[in-house]
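All letters in the sequence shown, in the order written, are residues 8 to 441 by our numbering.
Keep in mind the hints are simulated off the structure, nothing from the lab.
The structure presented is a predicted model; accordingly, all values stated were derived computationally and were not measured.
Ideal Cβ placement from N, Cα and C applies to all residues, glycine included.
Treat the hints with care, as some may be off.
As the list claims (entries may be wrong) - Derived pair list, reagent style DSS-like, types lysine-lysine, alpha-carbon separation capped at 27 Å: (1) K421 to K192; (2) K335 to K148; (3) K421 to K201; (4) K192 to K369.
What the hints assert, rightly or not - Simulated restraints, written as ranges between beta carbons of each label pair: (5) V177 to D153: 25 to 33 Å; (6) A274 to E139: 41 to 49 Å; (7) T323 to E425: 35 to 43 Å; (8) D134 to A439: 23 to 31 Å; (9) A436 to G363: 15 to 23 Å; (10) E411 to K335: 23 to 31 Å.
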Amino acid sequence: MTVGHPYGHKQAYLLPYLLPVTIKPNGHDMSYARKELYAYIGLSAVTPTQYIVSMAMAIAIRSGATFCSVWAATQPWQRLAVDRRKRPLQQPYSSATISTQLRWMIHSTSHKNGAVQAAATEAELDDEVLLEAPAQFRIYKSGRMDRLNEPTLSPPGLDEATGVTSRDVVLDADTGVSVRLYLPKLPDHPSPTKLPVLVFFHGGAFLLGSADDAAYHNYVNALAAEAGVLAVSVDYRLAPEHPLPAAYDDSWAALRWAASAQDGWIAEHGDLSRLFLAGDSAGANIVHDMLLRAASNDNSPRVEGAILLHPWFSGTTAVEGEPPAASKVTGMLWSYACPGAVGGADDPRMNPLAPGAPALEKLGCVRMLVTAGLADGLAARNRAYHDAVAGSGWRGTAALLGSEGEGHVFFLGKPGCENAKQLMDRVVAFIAGA
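Use the sequences and the hints to build the structure in full.
Set out below in structure tokens:
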């Protein structure tokens, strides 16, 4: 649904019911009840407070109808100090800041049942933890998120152990979106055979991770060396500062850039007739989205193969063998990364098996490899996705590999274990055509 917006053309989303609250703009209570409440939420880099507040506005729905226009008298987002991985160096939008800086304009119709009295204060929402991943992040009911552990970062350059050389390329100076290229060691004598090109999308629930994260740098570096591919690792923007579809759009732009061979390495050494997409967890979710876009857009690159490593999918109804808690947690994270999702965790981007989701038979690749850690709560859904693709009428070939006793993306944390080696061997063989 598209409506007018004080900042221009924006999308308006129905805010989900979370819990009744009191909204106190500048210290004044404004408790109320509504049948439907829409908020203008600016999903651009200019007005991030609108997004943060949308997560804090948990509206008890009763009767009547209202439209709410939310705007903030804060400093523009682009003036904040932002690191190269596109998130603020500090959390500038605390509960207190929002309370003192926001101005609200509420246009309501009459309602019969009166106002719903709030059960939680703004301060309580800001302190109450909604979801926590130890040593990773903590999400509060207010919508605030703390990243608890900055990852070790690896600079680009020559890796002496493998002979792979990497370098960074900024694709968009305004957004900071970039890629890290990996060129494996070339033979001493020039060869007429060029290298397959593999575009990689990192995981992290759309909230964490980067191309220069040491775990991802080491994995893609090793993959480039062992598979003999020219790899392009995409550093897309993260939620909640940049809610979805930012990551999808950034990834699509990076894929189109790689396929255009604008870079000298790709032009000289890359064989774009052998183009592969790969990603882990949320990155594998991105791969699925890229395949749908490749099939539905004119002049899209031809994708030979797709590698979905422990893909992050969810849904409101558990698939056979799926632990109920798995879909609950992933659904919460999805709603946080994509507050405008239609149907929550049954949004087709999160649940490719949902009714009304794009037909899997249209996936734009020739071959697919889906992998799962069999001790991972997502394993059953990974299997269900593979089976659905294979039985969809899609004309490609799909393979499934399960790693016994292993958890989610285990190969990043223990790349030297036997199962990680077997997984790498299978990925290398898949790229080679086996």
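Which numbered hints turn out to be false for this structure? Hint check: 3, 4, 8, 9 fail, others pass.
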